[in-house]
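J.: Given next are the chains, with one letter for each unit.
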Amino acid sequence: MSNALLISNLTKTYANNVSALSQVSLCVEQGDFFALLGSNGAGKTTMIGIICSLLNKTSGEVSVLGLEQSKNLNQVKRMIGLMPQEFNFNPFEPIEEILINQAGYYGIDRQSAKARAETLLKRVELWDRRLDMAKSLSGGMKRRLMLARALIHQPKILILDEPSAGVDVEIRRSMWLFLKELNEQGMTIILTTHYLEEAELLCRNIAILDNGQVVEQSSMKSLLAKVAKQVLILESIEPLPLVFPSFDFSIDKLDDYSIQVVLDGMSISQALGELSSKGIEIEHVRSAQNRLETLFLHLTSKEK
Amino acid sequence: MWIAYKTIVVKEVLRFSRIWVQTIFPPIITTSLYLLIFGGLMGERIGDMQGVDYLHFIIPGIILMTVIQNAYANTVSSFFLAKFNHSIEELLISPVSYWVILLGYVSGGVVRGFTVGLGVFIAVSFFVDLQIYSIGIVLITFLLTAILFSLAGFINAIFAQSFDDISIVPTFILMPMTYLGGMFYSIEILPEFWQSLSKFNPIYYMVDSFRMGFLGSSTTDFSVSIVVLTSMIVILALVAFYLLKKGVNIKT
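Same order as they appear, the protein sequences are chains Z and R. Mind the numbering: the first sequence is residues 1 to 304 in my numbering, read in order. Mind the numbering: the second sequence is residues 1 to 252 in my numbering, read in order.
Take every hint as true, because none was put in to throw you off.
Here are the simulated lysine-lysine pairs, DSBU-like style, with alpha carbons at most 35 Å apart:
no., chain 1, residue 1, chain 2, residue 2
1, Z, K71, R, K245
2, Z, K180, R, K251
3, Z, K135, R, K245
4, Z, K142, R, K246
5, Z, K122, R, K6
6, R, K246, Z, K135
7, R, K251, Z, K156
8, Z, K135, R, K6
9, R, K6, R, K83
10, Z, K114, R, K6
11, R, K83, Z, K180
Derived Cβ-Cβ restraints for the label pairs, each shown as a range:
no., chain 1, residue 1, chain 2, residue 2, range
12, R, S97, Z, S219, 39 to 45 Å
13, R, V234, Z, L73, 25 to 31 Å
14, Z, S70, R, T220, 44 to 50 Å
15, R, S97, Z, L224, 41 to 47 Å
16, Z, S70, R, L238, 22 to 28 Å
17, R, F126, Z, W127, 44 to 50 Å
18, Z, N72, R, V234, 28 to 34 Å
Keep in mind that the hints were calculated from the coordinates and are not lab data. Note that the structure is a prediction, hence the values are computed from the model and not measured. Ideal Cβ positions, reconstructed from N, Cα and C, are used throughout, including at glycine.
Whenever a hint applies, use it, and build me the whole structure from the sequences.
T.: Encoded structure:
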């Protein structure tokens, strides 16, 4: 499969000598749902800014679907849709106009733009508000407006910088469904988020940036497999014994009906079998940790 | 590129039209007051200027002043606000060339200058019998003036970092240049030194040509005015394009 995005030795040093990116190389395959994670200030937004021509790079190269950005800027711009982290529309413009104008900048005539805007605004549930000024929208609605705007020229790559910040749970889930749908239709999606659950749920591949450098790039599956220890909460419908016999895993009683166990290399079924053999029947099992979060904190030096 | 250009112009026109109470109506009121005070009440005491009565003498200058102020105000406020609320990024991420962005904003300024200028002309024509000596000279001078000051407003917006920065130039540079450019008087009444100095003020050429279009008399050859204005437009257009392309205060 060819690359949707190829970044080679990308470096960005701001005028105040702050180095935001240092020799970053990254590859995103076509059709991928890719997570770009990192703490605040890790360089994610700088990288996105360079890919989308909002920032000038210091050195390095960005290629989009085989085209070098420096030599084919306009073609590259047509292939990318950006939903930025900060609101960047005119709050005094009607919602529908924002979309139609954006389409116009890509050379789409007003009639076609109106039809596209209608489809997208209905999809993000803003059609009823189309004549309202953008400033009247709630934070979550503004994000959905920016998502619709990013899609108005039907890009091949969609870049989402913190798409679900400030979005309520219901809308977030409906946004996830929409994004999955777009990805299934062949759109490459690059996502940055602080909701690691979101990245774990949606993305197949991942890169983690720390201090302007890529510290990890692999598939989500293989990255998660690196977490050998699993912390689980097990619940019983019968009251648990006051004192537990010894097991091949550590165990902590949380209350009369639940325990927390740490499995190091042992499977869940093995642990449940061992508990059952000693008269402890478990009804519910749930994870006490977000595995990606554990890895993220480790890789970005927070828990090294 | 045509669709992108048209989109920017329509957006700009809709922007100032939506806030017509702030953009179109006040200049018409202000200008009517100028005419009432300087032309109607004081004009008779001043007498003739450049061979015509004072009221008819100042009308072209006052119309052109509104064109200058509005063409400038439109681009400076619109482009600065686009920077301020980051909506300029909508243009920067899309494949619109820098020339088209510049042309679109300048056209928006020209349309606003024309709309307000026409509004003032219509308002004045209710009170004064206006004669136009040459509609061609009037339109050419209007167009060059509006383009020039739209470009100047655009450059101001690029450099502006705060709302103060977009009001400093109009207040401390544009206003004195307009008033000292022969809007209210003929430079023939000035001492020779000040007459020579006035000829370094581009607004003098605009007012003089515009007045010629209305009255048929001027103090400078029309072709000199055209050369001066066109040269300044070319210089400012190149400067604005360079700043935009370089991303000064837009891209880091």
